[in-house]
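Residue numbers (the working numbering), protein chains in the order written: chain F, 1 to 276; chain E, 1 to 208; chain Z, 1 to 772.
Since the hints were made in silico from the structure, they are not lab data.
These numbers come from a predicted model, not from an experiment.
Treat the hints loosely; a few may be bogus.
Said to hold, decoys possible - For lysine-lysine, the following DSBU-like pairs were computed, each having C-alpha atoms within a straight-line distance of at most 35 Å: (1) K186/F x K75/Z; (2) K650/Z x K266/F; (3) K68/F x K376/Z; (4) K129/F x K174/E; (5) K266/F x K331/Z; (6) K40/F x K223/F; (7) K186/E x K75/Z; (8) K258/Z x K720/Z; (9) K414/Z x K519/Z; (10) K72/E x K132/F; (11) K40/F x K736/Z; (12) K174/E x K132/F; (13) K40/F x K377/Z; (14) K208/E x K40/F; (15) K68/F x K414/Z; (16) K186/E x K186/F; (17) K331/Z x K267/F; (18) K666/Z x K720/Z; (19) K529/Z x K75/Z; (20) K720/Z x K376/Z; (21) K174/E x K186/E; (22) K376/Z x K266/F; (23) K174/E x K259/F; (24) K75/Z x K9/F.
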Amino acid sequence: MVTQRIDHKWGMVVDLDRCTGCQACVVACQAENNIPINTKSFYQQRRAYHWIRIERYWEGEFPNVKAKFIPIMCQHCENAPCEPVCPVFATYHNDEGMNVQVYNRCIGTRYCSVNCPYTVRMFNFWDPKWPKSLRNQLNPDVTIRTRGIMEKCSFCVQRLRRGEVNVERRGIEPLTGERIPAADRKLNYRQMKEGNYLPACVQACPTNALQFADQNDNTGPVKEYFDEANEQIETRHQGGHVDEAHTRVYRLFEEIGTKPNVIYLKKVEPFPLDKA
Amino acid sequence: MMPSRKMLPLMVAGGVVTVIMGFIVVVLFISWFSNPPFGLGNAPAQPIAFPHTVHVAENNIQCEFCHRNVTKGAAATVPAVETCLFCHKDIDGGTVTAQSEIEKIRTAFETDTPINWERVHRLPDHVRFIHEAHIRYFTDETIPVKYGINGEEIIQSLDVAQTCTICHGDVGNKTVVQPKTGQSLKMGTCVDCHRNNSVPTDCTVCHK
Amino acid sequence: MKLTRRNFLAWAGLGAVGAVACEGFGIRRGELDIQSSVRLPEDLVRGSDNWYASLCRTCPSCEGIVIRVMEGRAKKIQGNPYYPTNQGKTHARCEAGLQALYHPDRIPTPMRRSGPRGSGEFLPINWQPNGMDSLRSALQANGSSSVMITEPLRGHMALLADRFVAAIGGERLGFEAIDNNTFRTAVKNVFQQDSLPDFDLENSKFILSFGADFLSTWVSPTRFNRGFGEFRQGAGRGRGMFYQIDSRFSMTAANADKWLPVRPGWEGYLALSLAQVIVSENLQARGVDVDSLVGGAPGIQTLNNFRPEIVVPLAGLTPEMTGGDPVNFLKSLARSFAANRPSVAIGGGSAGAQSNGLFNLEAIYALNFLVGSVGKKGGVKFNPASPWADVPNASTAGSLEDWARVTDQIRSGKTKLLLLHGADPVHGLPDSLQLRDAIAQANDLFVVSFSPFLDDTSVMADLILPDRVYLEDWGDDISEPGPGYQVVGFQQPVVNPLFDLDPLSFPDVLLTMAQELGKESDLPWANFKAMLREGSDALFNLNRGSIEASSADEFWNNLLRRGGWWDELRNGPTSVRPADGLLRTIAEKASSPVFDGFGIGADSFYLVPFAHNTLLDGYNGHLPWLQAAPDPLSTVTWQTWVELNDTTAKSMGVKEGDILRLTSSKDSIRAVAYPTPAVPPDTVSVPFGQGRKHGSEYATDRSGSESSNVMDILETTLVKDTGSLAWAGTRVRVSKTGESISISKLEGDVRAVEIGLTPGEEIIKTIAPENA
């Protein structure tokens, strides 16, 4: 049937060796997702809204000091700890591998945020405020969240939907506007890259440290990393051993079994610090 | 019988609570049922009396001639003043009232003033509804069987105007459009129809 | 029921509850309005977005962008995937252009000063006749003694502004608080190039950078980031090696494989010692004529004065920093720099902002000759001349000497008219220059500002004629640095100004004035768009490049659709012959850096200021997204912080959040202490960009905001031979104020991971699940 959703499983690959910590993704996310302006008092109260944030870790002492940057957004876990604790099913896992937050169901119990090991869920402690003229910028594709509900990274689902409508339903080639033959109408990595369908952070990232693709899409350049990560999970599940010294692929907090759809690639350190 | 002095404060308190509760119930009732998408609201007063009957039923103008965005994008949109002038540059009204309403259009065009229509059908901010996708589905000849909003089977493929009536009702035969012309559109209505037609019912399909 | 005061109040309360409930449950008025437009634009599909290509103006590098416009409102800025310099990518700064467009503090209409100068009291006036008439009479009376201060202009805007000031007999100066003049002069002296070079990081195997924060703020960070990503993990190439030699642990240093802290101002000595090792060990690339480069035997002798053994103690290198003998470290660094070709040496930032900054940069860039990476793939790439004969391919900016002269001219009454556009020199020049006082006290001076926002300089204006914001205006740009071939970017208006704003385009105002003053022969164009169209036609007539079109009209349309024109076949020079004895000439210039301010002492520190990752020199200070974007290293937002070494802080009894006072011989500022392990013990660092006195409340320094301008305490040390401000050449005394506040930073915002406390490795390690 034409209207059946094409099988997607979205995922992100974060290459820490490329990430320079420049904050382009952070501001791009704020612009795309109608995130309230983080005023100074938000930060002082430790309640700033960041759907994606760049954490910085210090290592060592002067003069042998290093700083590492890790962009952290919702990991869209397959076994998401936030999902079972929601009393109203406001957060659930959809058939495309995304952890979805339904704002109009949320009643603000904040259990999900307590249960999230990555601390990526933001609670709206205040009604969002913008100066009147700045509201002209707000993205009409994203709801403004009111006080008392939980919000988080959505993998820019509104952009994916736009891509699906244009490519899979209307069959429009994003770059040329030509018709795509009915059999080829699947939103793939190339079309996302050339259209405007990538998540805003990925689109902005100047070093291409963030890559986004369908894990079922064989044309994507990051397919190998998804495969390797899945293989690792399988190996561990079978009780096998993963040679971590020879792979860059890992997932955050994999040991607690959340099975994230975001994959990290380790930073390469030619001069590692001596561990004290 | 006079209540005892002891009972009086209790009774007053009880009365106040009842009044407050009743008031809240009334407020909830009115706000739930009076909002346009829910079917009980009255027709809003439009700045120009626009009779759909004359345009659609009598003169056979297609829906998408004026609501030209409906086959292209999310919103159906009200026509630009210029669109009205395509015909009303030359066509005058049959009656004096009609004539004065048509003059309003011409004045708006000459003075470059936009017309502020009152919205009849409104979806809340957290819902994404794309008219174009729905019209494309119901007019698609390759899909053999489709189901209407009440689960009725649709075997022939529809044209645009017929598709519109599935949700909006027979607007073409109404002088005044009001919410109850069409279907009551609650989330259940959307989900039922999606389910009947085997369309995805993932939250992110409609909710943004 | 009897209405008493008591039950009246109760009923009133109930009524209020009811009103709130109705409002809460009901639908707001505005949501039920649909306005039908009058006209019917064919390309406007309601609820569908249009994407327009244009140029970004939030930083000088000028990226190609596309803007998502829905129903007349700009919604999102993204990189233009075709544009050669940024290739679809953006920096955090680009995104925030939307906030400039819809900023609540935009000046809505022309204004005339009504209070004393600098008081910020203005009265709105009309463009016609008052605004234009006052401007015309000011130009008529004092045009020949006028100074126009603009941002560093490029493209047709530069041509227009220069012709305009020439026609009225005035002078134009580009203003940049952190100017590139020293870098530019070094490029001229070493490579004989007028425009800034590009660095081909993508194909480079070894980057050696001195002081340049090129991934964050320096010159063209988006482009460099793009290349850097490939340098690290590009397909079909090995991982590149990157050393950063810097007196501050910048974001770029954090991304280096090895950061070498150097005593401020000794970068040039280090570069020459590397050169000495390469020359003495014969490590230079094949085909490099070392003899002529060094200048024969006397050159070698001069260069021997920079042996690692001599330089190491001067540059303050210790065995702890280099993990062994520093001399051996420098030698092996020189060897791997020479061996891992193509390699590239980059210098800038604080390395050039010393009294000996020009020497430092020349010495650094000369290294590229030794490893044969000048004009070559993976090295320094040069840009060709402008495709238009009359439009320059490089921008100019005044040096501190120029600004001192302008200040004197204002004070002496020689300059009677000041025209300001896109520049805030009062905020961006050291306070010790006293430009603010000079303007405030000059009675004969008439100040016209074209700024769409109030800032520290435009608040001194007598007449404010608000310009359009770049998303509402026409423009063009010749990328500097370009990608090594000819690139012209075009900027088009993507939205109209909001209905309550009445700005007029600055170039259009200049053209109108030129016509009214009878200077049509110099500036014959009706408006700026016509001028750009003429430029487009000239490109069409070149009959080459990326835009295919059969007519000039089609060319113009395709040009705007694509966001620019470029010709990948018109490259810059691929080989540059070094001057004879270049290294010797440079080495003979060597001098130690001079520091003004307080001398050596326990509480005296080198002050190494740096451009803020998002606010730059303060140019973007009014944009809330950029104020709220955490600094990459300290994660501090909104406030002015001072980075100091954590051990030093402990010994001084300073904790995070303490407010410190930084005192130079000129003045003092307050800043919030942020102790980190990554600052040399004898150095403190403060970002530029905060502490405006006037204008948008997002940017201004009010009590409790802890936003101060580090320019206020800089000494006016000059870079020798370029006259630029040596902004890293100040020493300050640091003292406690006894006050302490909550620092507004992202670090510690999350409860579980406790960033900043645990090393990254510990957190991200992967272990097998328990059934393994």
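Verification of the hints:
1. In summary, the hint linking K186/F to K75/Z is supported, as the alpha carbons are separated by about 27 Å, within the 35 Å threshold.
2. Note on K650/Z and K266/F: the hinted pairing holds, with a Cα-Cα distance of about 33 Å set against a maximum of 35 Å.
3. Taking the CA atoms of K68/F and K376/Z, the gap is near 32 Å; set against the 35 Å cutoff, the hint holds.
4. With a C-alpha separation of about 42 Å, the suggested pairing of K129/F with K174/E is violated against the 35 Å cut-off.
5. For the given pair, K266/F sits about 30 Å from K331/Z by alpha-carbon distance, which is consistent with the 35 Å threshold.
6. With a CA separation close to 41 Å, the supplied pair K40/F and K223/F exceeds the 35 Å bound.
7. For a cut-off of 35 Å, the pair hint linking K186/E to K75/Z stands: about 30 Å separates their Cα positions.
8. For the hint linking K258/Z to K720/Z, the alpha-carbon distance of about 30 Å falls within 35 Å, and the restraint holds.
9. Distance check on the hinted pair: K414/Z and K519/Z sit about 24 Å apart at the alpha-carbon level, within 35 Å; holds.
10. Restraint check: the Cα-Cα separation between K72/E and K132/F comes to about 31 Å, which is no more than 35 Å; the hinted pair holds.
11. At most 35 Å may separate the alpha-carbon atoms for a hinted pair to count; K40/F and K736/Z meet this at roughly 23 Å.
12. With a C-alpha separation of about 39 Å, the suggested pairing of K174/E with K132/F is violated against the 35 Å cut-off.
13. Simply put, K40/F and K377/Z have alpha-carbon atoms about 46 Å apart, too far for the 35 Å limit, and the pair is violated.
14. Taking the CA atoms of K208/E and K40/F, the gap is about 28 Å. The hint holds against a cut of 35 Å.
15. Using a Cα cut-off of 35 Å, the hinted pair K68/F and K414/Z is violated, with the two alpha carbons roughly 54 Å apart.
16. Among the hinted pairs, K186/E with K186/F is consistent with the structure: their alpha-carbon atoms are about 31 Å apart, no more than 35 Å.
17. Between K331/Z and K267/F the CA atoms are separated by roughly 27 Å; this keeps the pair inside 35 Å, and the hint holds.
18. In summary, the hint linking K666/Z to K720/Z is supported, as the alpha carbons are separated by about 21 Å, within the 35 Å threshold.
19. A C-alpha spacing of about 24 Å is found between K529/Z and K75/Z, which places the hinted pair at or below 35 Å, so the restraint holds.
20. About 30 Å separates the Cα atoms of K720/Z and K376/Z, which keeps this hinted pair within 35 Å; it holds.
21. For the suggested pair K174/E and K186/E, the alpha carbons sit about 23 Å apart, so the restraint of at most 35 Å is met.
22. As the CA atoms of K376/Z and K266/F are separated by approximately 32 Å, the hinted pair is consistent with the 35 Å bound.
23. Restraint check for K174/E and K259/F: not satisfied, since their Cα atoms lie roughly 56 Å apart, outside the 35 Å limit.
24. The hinted pair formed by K75/Z and K9/F meets the criterion: a straight-line CA distance of about 28 Å does not exceed 35 Å.
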